[in-house]
Structure formats: structure tokens, C-alpha cells
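**Q** Sequence:
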Amino acid sequence: MEPRVSQLDQRSQLFGSRNRTAVLVALRLLEESYPSELAALLGIRLYTVQQILRSLEAEAVIVSRALGRTRRVSLNPRFIGYAELAELLWKVGQQDVELQRALGTKRRRPRRAGKPGL
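Residues in the sequence shown are numbered from 2 upward in steps of one, following my numbering.
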């Protein structure tokens, strides 16, 4: 599987690794997501995303909540540096056109039941 991690993130290890940076930027741009969605959008293994999210949650950088059988994750608004972190991730994300394109293809709400596919 060829990774689809963006150009900016291929060079940037701002948050320890390019995958960790990509996950944080994607979470900021999407506002909320779940592990398998992040893995698919970023082109990295689900297990890798789960490990990253587990460590970020242990550090209180992100929070998760159960929504049915899905674990939704987002940046933690109670994190001490939330405003600064969110602003930095937003700026990094705005420079990364490839990541924006990948995230822009994501449908943000479910398709109506019975509606024909594309």
C-alpha cells in the first residue's frame, strides 16, 4: 500500500513523526474523525493510527467518545495549549494542498437510505 501522507508531512516531523503530524493536522482540519477514517484518508495502517491516537489521548491532547460502535476522536479543548496547537495545526494544514484534497473528498454525513450509489 503506497502511503498518501502529504508532501508537507513527508518532510515534517514537527510532532515526532510524519504520521503523528499528519494525524494531528487531519484531526484539526476535520474537527472530528475516527481511526479507520483517518487511516484511509492518510493512507497509513489502522494499527499505526490507533497507536498514535492512544498516545495522544494518554497525553490529553485528544479526547475520544463512543458513538454507537464507533470511537470518535477530536482535539481536547481542555488541553492547556489547545488554542495555540489548533492555530499551528490549522496553518500547517492550510499549506498542505494534497492533504486538503484528500480530506475534501470525504463525505461528512451518511448517504440517505435507499439512494442509488454514484
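Hints are computed from structural coordinates only; laboratory data are not their basis. C-beta atoms are modelled at their ideal positions from N, C-alpha and C, and glycine is treated no differently. Mixed in with the good hints there might be a few duds.
Between beta-carbon pairs, the in silico distance windows are [claimed, not checked]:
no., residue 1, residue 2, range
1, Lys92, Gly69, 18 to 28 angstroms
2, Tyr35, Pro78, 25 to 35 angstroms
3, Gly69, Gln95, 24 to 34 angstroms
4, Ala41, Gly69, 10 to 20 angstroms
5, Arg70, Leu15, 10 to 20 angstroms
6, Val98, Arg70, 16 to 26 angstroms
7, Ser18, Val98, 19 to 29 angstroms
8, Arg73, Arg46, 29 to 39 angstroms
9, Ser75, Gln95, 25 to 35 angstroms
10, Leu15, Gly44, 16 to 26 angstroms
**Q** Would you mind marking each hint as holding or not holding in the structure?
**A** How the hints compare with the structure:
The hint said 18 to 28 angstroms for the Cβ distance between Lys92 and Gly69, and at roughly 34 angstroms that hint is violated. About 18 angstroms separates the C-beta atoms of Tyr35 and Pro78, a value inconsistent with the hinted range of 25 to 35 angstroms. Distance hint for Gly69 and Gln95: a CB-CB separation of about 32 angstroms, consistent with the stated range 24 to 34 angstroms. Taken as a hint, the range 10 to 20 angstroms holds for the pair Ala41 and Gly69, whose Cβ atoms sit roughly 19 angstroms apart.
Between Arg70 and Leu15 the Cβ separation comes to about 33 angstroms, which falls outside the hinted range of 10 to 20 angstroms. Separation of Val98 from Arg70 is about 34 angstroms and departs from the stated range, judged on CB atoms against 16 to 26 angstroms. Judged by the Cβ atoms, the range 19 to 29 angstroms given for Ser18 and Val98 holds: they are separated by roughly 21 angstroms. Against the hinted window of 29 to 39 angstroms, the Cβ-Cβ separation of Arg73 and Arg46 comes to about 20 angstroms, which falls outside the hint.
Our hint of 25 to 35 angstroms for Ser75 and Gln95 is violated, since their Cβ atoms are close to 19 angstroms apart. A hinted range of 16 to 26 angstroms for the beta carbons of Leu15 and Gly44 is consistent with their spacing of about 19 angstroms.
Checked against the numbered hints listed earlier, the structure breaks hints 1, 2, 5, 6, 8 and 9; every other hint is satisfied.
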